[in-house]
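Engineer: These protein sequence lines map, in sequence, to chains A and B.
Using numbering that gives the first Met the number 0, the first residue of the first sequence is number 0, and each one after it goes up by one.
Using numbering that gives the first Met the number 0, the first residue of the second sequence is number 0, and each one after it goes up by one.
Treat the hints as calculated values from the structure; they're not laboratory data.
Just to be clear, a hint being listed does not mean it is correct.
[Said to hold, decoys possible] For lysine-lysine, the following DSSO-like pairs were computed, each having C-alpha atoms within a straight-line distance of at most 27 Å:
id: 1; chain 1: B; residue 1: 159; chain 2: A; residue 2: 8
id: 2; chain 1: B; residue 1: 163; chain 2: A; residue 2: 52
id: 3; chain 1: B; residue 1: 106; chain 2: A; residue 2: 39
id: 4; chain 1: B; residue 1: 277; chain 2: A; residue 2: 8
id: 5; chain 1: A; residue 1: 8; chain 2: B; residue 2: 343
[As the list claims (entries may be wrong)] Part of the chain A face toward chain B, derived, beta carbon under 8 Å:
id: 6; residue: 6
id: 7; residue: 11
id: 8; residue: 18
id: 9; residue: 20
id: 10; residue: 53
Backbone N, C-alpha and C fix where the C-beta goes; we use that ideal spot for every residue, glycine too.
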Amino acid sequence: MSVNELFKKDLKVVNIGLKSFYNDLKSQNLTAVHVNWKPKAGGKTRMVSLLDKLKKMN
Amino acid sequence: MIIQTIVKKNAYYDSVTLMLLSRELKKLEGVEEILVGMGTDLNIELVQNLGLFSGELESITSNDLFISAKFDETRTNLEAIEAAFVEQLNKTDQKEADDDYQPPTLKSALQYLPDANMVVVSVPGQSAADVVDEALDNDLHVMLFSDNVSVEDELRLKQKAVNKGLLVMGPDCGTAIINGAPLCFANAVRRGRIGVVGASGTGTQEVTVQIHQMGGGLSQVIGTGGRDLKEEIGGLMMIQGFQALIDDPETDLIVLISKPPAASVAEKIYRIARQSAKPVVIDFIGGDRAAIEAVGAIACISLEDAARKAMAKLNGQKVADFVGFSLPEAEIEQIVDKAVATLKPDQTELRALFTGGTLADEAMKLLGGRYAIYSNIPLSPEMAIENMPDQKGHLCLDLGEDRFTRGRPHPMIDPQTRTEFFRSHVDEQTAVILVDVVLGFGSHADPAGAVVDSVREVRERLGKVGREVVVVASVCGTDLDSQNLERSVRALESEGVIVMPSNAQAVRLTDRVFQRLEKGN
C-alpha cells in the first residue's frame, strides 16, 4: 500500500515495544494491537548471531 | 551495606517501565542504590558503574530480568525489595489495558488484525532492524522510535521501503501524526490542510502546536528520524514524505523541518520544492536562507515563524519574518523591568535546561553569537560542556541527549533529570532559568507541575541567601492535550514563572533580560 493509499485509510497499528504507546492509541479509541515481544533466541547473543548466519545462508 | 541480586529468567519488560520502577524502589527505606533492568550489555555496564555487580549477573541474557540493590541489611532485606517490586509492577499493569489480547509475534498480530497498515517499533536498537525488515516484508509502513540502529541498517531499510513505496519513519523518530492519529510523542492537534515532514521531534511538535494555536490544522505529519538528511542516508524519507504530500489532495501547503541538511541532500530537496505546485515552507534551523528562497520556497527564522508563515500563506496574507512578541512591546518592557529588578549585580548567568533537543538547539541559534554558551550540543566545539570552567558562564543543555539518558527515561517522560540539574547547576550567580515544558502523548502526566516543584525548591534555597531568580518558560502543547495547555500555563504562572507563547519568544525575552543586565540595569 503506497503512502498516498495509506492516507485514505483508517490507521490500524501493530505496536511492538513500549506498551505506553499502545495505551495512548487505545485511549483515543484507535485500532491497535500490542505484541508481547521478547528478544530473539531468548536474548542469547551467540544464538542470535547463529540464527542471523542461518538466515543469510537461506 | 550489602549488595545482592535477584535474577528472574525469561521475564521481559520494556525499558521505560523498568527505569521508572527503579526510581520508585530507590525511595524504599534502607536502599542506597538499586537498578532493575533486563540483562543487556548496556545494563550490565551500568550495574558495574553503580558498583552493584555480583556473580549472579555473569550468565544473564537480555531476556532475563534482574534487581541489583545495595542496602542496609539492618533496615530492609532482599525479600522486602522483591515484594515492593511486584507491588509496583502490579500498579503499573493495573493502569494499562491489560485484558487485551497480546499476540507474541508480528505474524500472529497480523492474523488478529489482518488489515493493519502501520507498525510502531520501539524495541531495543539491536533488535529493531529485524522487526522493521519483517514489517516491510509484510508491506507495512513503519514508525521506528528505537535508537541505536546502525547507519548501514537505516540505509538498507529505507531503500527497501522506498522500493516498496512504504514509509520508514526513523530510527529515533519521536513524532508523527498519520491520518489524525498521533504516534509516540505527538500533540493532540486538529486536522487541516498543512502537511509536515520533520527530521526533529520537538521541532515538529513546536510547529504543529503553533499551527493548532493559530487556528490551523494538520493533514499529515511525517517523521524521518534525525539522520535522514545526512549524506549517508540521502534524505530518502524526507523525499518520500515530501512527494507524498505533494500528491495528497488533502494537503494545500507543506512544511519541512530539519537541522541544516548535507549539501547534496539539500540540493535534492530544493529540486522538488522548485517543481512543487503547492507552497513549501522550509525551516532548516539556522540553514541557508538564500538557497531556500532561490527555489521559490519560504524560509524561516524560528519554528514559530515557520508556523506563522504557513498560516499566513495558506490564508493569502502577507508573509513576513516574525521577530518580536505576541504581547505589545510596552508590556514586554514591563516584564523585563520587573524581572531585572529582582536580580543582584553578580547574577549574570543563564541556565537553559531543555527536555527537547531541537528547542535547545533553536535557543542557542537564536541567541546567536551574542553570548558564549556552553552546551552538550554546542554550536562550536570549544563551547562543549567539558570546557566549562567550574560551572561558570552561560549553560544550555539538551537533557534528552544520550549521556543524560543512560539507564533512565527521557526527561520528557520522567522530569527527574531536570529536577537534579535545578539542584546542581542553579546557583547564586544564575540570573535566568530557561525551560521548555513539552505536553502531549508519551510525555509525563504533569511536566509543568514538576517544573513548579523545582522552581519552588530553588527559590527557597536562593531565598536563604537573599536572592531571587528569573524563570522563563514556554509550553509546547495544546488545549486538547491531556496535560492541558491552559492548566499548565496557570500552574507555572502561579509560581512566578514568565510563560511565553513559543520557544522563540521565551528565548527572545531571555535575551532582553541579559541585554538589560549587560547595560547595568
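Engineer: So, for every hint listed, does it hold in this structure?
Structural biologist: Taking the hints in turn, this is what the structure says about them:
About 22 Å separates the Cα atoms of residue 159 of chain B and residue 8 of chain A, which keeps this hinted pair within 27 Å; it holds. Restraint check for residue 163 of chain B and residue 52 of chain A: satisfied, since their Cα atoms lie roughly 25 Å apart, inside the 27 Å limit. Using a Cα cut-off of 27 Å, the hinted pair residue 106 of chain B and residue 39 of chain A holds, with the two alpha carbons roughly 14 Å apart. About 23 Å separates the Cα atoms of residue 277 of chain B and residue 8 of chain A, which keeps this hinted pair within 27 Å; it holds.
For a cut-off of 27 Å, the pair hint linking residue 8 of chain A to residue 343 of chain B is broken: about 60 Å separates their Cα positions. The interface hint given for residue 6 of chain A holds, since its Cβ lies 6 Å from the closest Cβ of chain B, which is under the 8 Å cut-off. Taking 8 Å as the C-beta contact cut-off toward chain B, the hint placing residue 11 of chain A at the interface holds, the least distance being around 5 Å. The interface hint given for residue 18 of chain A holds, since its Cβ lies 6 Å from the closest Cβ of chain B, which is under the 8 Å cut-off.
Given the 8 Å rule on beta carbons, the hint for residue 20 of chain A holds: about 6 Å separates it from the nearest Cβ of chain B. For residue 53 of chain A, the suggested interface contact is broken, since its CB lies about 13 Å from the closest CB of chain B, more than 8 Å.
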